[in-house]
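Chains as they are written, first to last, in the working numbering: chain A, -16 to 149; chain B, -16 to 149; chain C, -16 to 149.
Keep in mind the hints are simulated off the structure, nothing from the lab. Each residue gets a CB set at the ideal place from its N, CA and C atoms; glycine is no exception. Fair warning: there could be bad hints in the mix.
To be verified - Taking beta-carbon pairs under 10 Å as the criterion, some of the chain A residues facing chain C (in silico):
no. : residue
1   : Ala21
2   : Tyr22
3   : Tyr136
What the hints assert, rightly or not - Once the Cα atoms are required to be at most 25 Å apart in a straight line, the calculated DSS-like pairs of lysine-lysine come out as:
no. : chain 1 : residue 1 : chain 2 : residue 2
4   : B       : Lys82     : A       : Lys(-5)
5   : C       : Lys87     : B       : Lys87
6   : C       : Lys(-4)   : A       : Lys48
7   : B       : Lys(-4)   : C       : Lys106
8   : B       : Lys106    : A       : Lys(-4)
9   : A       : Lys(-5)   : C       : Lys(-6)
10  : B       : Lys82     : C       : Lys47
11  : B       : Lys(-6)   : C       : Lys47
12  : B       : Lys(-4)   : C       : Lys87
13  : A       : Lys(-4)   : B       : Lys87
14  : A       : Lys47     : C       : Lys82
15  : A       : Lys87     : B       : Lys57
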Amino acid sequence: MKRTHDIMTDKKKTTIILFSGDYDKAMAAFIIANGAAAYDHEVTIFATFWGLSAFRKEHPVPVKKGLLERMFAKMMPRGADRMGLSRMNFAGMGPQMIKHVIQKHNAVPLPDLIELAKEQGVKLVACTMTMDLLGLRPEELLDGVEYAGVAAYLGDAENGNVNLFI
Amino acid sequence: MKRTHDIMTDKKKTTIILFSGDYDKAMAAFIIANGAAAYDHEVTIFATFWGLSAFRKEHPVPVKKGLLERMFAKMMPRGADRMGLSRMNFAGMGPQMIKHVIQKHNAVPLPDLIELAKEQGVKLVACTMTMDLLGLRPEELLDGVEYAGVAAYLGDAENGNVNLFI
Amino acid sequence: MKRTHDIMTDKKKTTIILFSGDYDKAMAAFIIANGAAAYDHEVTIFATFWGLSAFRKEHPVPVKKGLLERMFAKMMPRGADRMGLSRMNFAGMGPQMIKHVIQKHNAVPLPDLIELAKEQGVKLVACTMTMDLLGLRPEELLDGVEYAGVAAYLGDAENGNVNLFI
Chain A
-16 MKRTHDIMTD KKKTTIILFS GDYDKAMAAF IIANGAAAYD HEVTIFATFW
34 GLSAFRKEHP VPVKKGLLER MFAKMMPRGA DRMGLSRMNF AGMGPQMIKH
84 VIQKHNAVPL PDLIELAKEQ GVKLVACTMT MDLLGLRPEE LLDGVEYAGV
134 AAYLGDAENG NVNLFI
Chain B
-16 MKRTHDIMTD KKKTTIILFS GDYDKAMAAF IIANGAAAYD HEVTIFATFW
34 GLSAFRKEHP VPVKKGLLER MFAKMMPRGA DRMGLSRMNF AGMGPQMIKH
84 VIQKHNAVPL PDLIELAKEQ GVKLVACTMT MDLLGLRPEE LLDGVEYAGV
134 AAYLGDAENG NVNLFI
Chain C
-16 MKRTHDIMTD KKKTTIILFS GDYDKAMAAF IIANGAAAYD HEVTIFATFW
34 GLSAFRKEHP VPVKKGLLER MFAKMMPRGA DRMGLSRMNF AGMGPQMIKH
84 VIQKHNAVPL PDLIELAKEQ GVKLVACTMT MDLLGLRPEE LLDGVEYAGV
134 AAYLGDAENG NVNLFI
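Using the sequences and the hints given, assemble the complete structure.
Right under this line is the structure:
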């Protein structure tokens, strides 16, 4: 008899580390993730360091923080829609240009790509070590996000087909 | 009898997403691609976002564009030789320094690395979604470039040995 | 009888290209590398371009260099502890903030992560092509670092489970 575990491992796996806090790089990550989910891959996006910005709630969440933690919290964009571009950011004008052409071409903006990923069962994981370092609390991140460390990442990635660091 | 398809899948596969528009990162991408091709891998470079700069023709190509598309076209370097460095760019002096040491050490500059890749059968693919967004037309890109989306990328990558996001 | 070679290839493999010269990205690379080594992977970090900064000795090493080589040597940080952040660098204040929170949370700073990697048998490889280009000599790099080119990288990566470009 085939065990559930064996059946599960028959599925292709895509595992993406989202390190970057840039709007365009996060877009690339979620477009690949959604594509892979549509092709029936098991998909995980493991957000670490600045990539956690994409998982932040848009509204401020009242939590107690130390001075450095408050500084990090201020400097990291609150949510996908506030992230900048990796180039041509032009003090925030670049993201507006990109969002304009996304709308014009009926493409999908980043916050909707994240919503879609959740609906398609893409596993969103926040790196607990970075959260500790930067003083981010679970209540500040999107609902549905899971919490894990590098061991869980390796468990997903070592049997994976597509492993990317973005 | 072994089918052609099976024989093909016996080859190792290297699939690189070139997201970056930096001269040094594109150099790394093409050095890996050429190395893998020399070791008889099936190699694909899938250029998306700013990575498309590496596939642009050097001379301007007259195509009709909207205002935003003209702005993007102006800001993105026209061809590999005009790309900047990811660090130490120093307003364009950095790339000259790198090109100087490349010549001094008989190393291969980026435009020649791209030529070599084409000669070795590396598949160069331009991401149609980004082309749409940025208003890039096929006639503006190098001859021999193919056009595809994320589904084609996943088809190459999911059976691959070396998958990188650069 | 099973040969040693076959037994070795039963081990999982993690191969990381460290291209970036940023403190935070190098931290991510070494955290993944150390995690994979703890899970009994064969791990290689192949440092190329600005990533070679992480392998430099902290004290200056007297070697003869040409003018451009001296300029590169000056501009590239000497050792892991002098590297900057990929964002929020704030003229060097960012790394101090990160190092402060690392200490506060009993996390491991980058130079110690590199030491730990060496102790765990992570193979540290410096890209000879980049060393040539930038005029870096083996005596300027950490003891225990190996020297190889793209062919050796591909040999490690093509049978690997987790391949990343950082």
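Going through the hints against the structure:
1. Nearest Cβ of chain C to the Cβ of A/Ala21: about 24 Å, over the 10 Å cut. The hint is violated.
2. Because the closest C-beta pair between A/Tyr22 and chain C is about 20 Å apart, greater than 10 Å, the hint is violated.
3. A cut of 10 Å between beta carbons decides the hint on A/Tyr136: the least distance to chain C is about 7 Å, and the hint holds.
4. Restraint check for B/Lys82 and A/Lys(-5): not satisfied, since their Cα atoms lie roughly 42 Å apart, outside the 25 Å limit.
5. Distance hint between C/Lys87 and B/Lys87 is unfulfilled; the C-alpha atoms sit about 48 Å from each other, more than 25 Å.
6. Pair hint C/Lys(-4) plus A/Lys48 does not hold up; C-alpha atoms about 40 Å apart against a cutoff of 25 Å.
7. A C-alpha spacing of about 24 Å is found between B/Lys(-4) and C/Lys106, which places the hinted pair at or below 25 Å, so the restraint holds.
8. Between B/Lys106 and A/Lys(-4) the CA atoms are separated by roughly 24 Å; this keeps the pair inside 25 Å, and the hint holds.
9. Distance check on the hinted pair: A/Lys(-5) and C/Lys(-6) sit about 21 Å apart at the alpha-carbon level, within 25 Å; holds.
10. For the suggested pair B/Lys82 and C/Lys47, the alpha carbons sit about 21 Å apart, so the restraint of at most 25 Å is met.
11. Of the pairs offered as hints, the one joining B/Lys(-6) and C/Lys47 is violated, with about 45 Å between alpha carbons and a cut-off of 25 Å exceeded.
12. Between B/Lys(-4) and C/Lys87 the alpha-carbon distance is near 44 Å, which puts this suggested pair outside the 25 Å criterion.
13. Restraint check: the Cα-Cα separation between A/Lys(-4) and B/Lys87 comes to about 44 Å, which exceeds 25 Å; the hinted pair is violated.
14. Restraint check: the Cα-Cα separation between A/Lys47 and C/Lys82 comes to about 21 Å, which is no more than 25 Å; the hinted pair holds.
15. This hinted pair checks out: A/Lys87 and B/Lys57 have alpha carbons roughly 20 Å apart, not beyond 25 Å.
In this structure, the earlier hints numbered 1, 2, 4, 5, 6, 11, 12 and 13 are contradicted, and the remaining ones agree with it.
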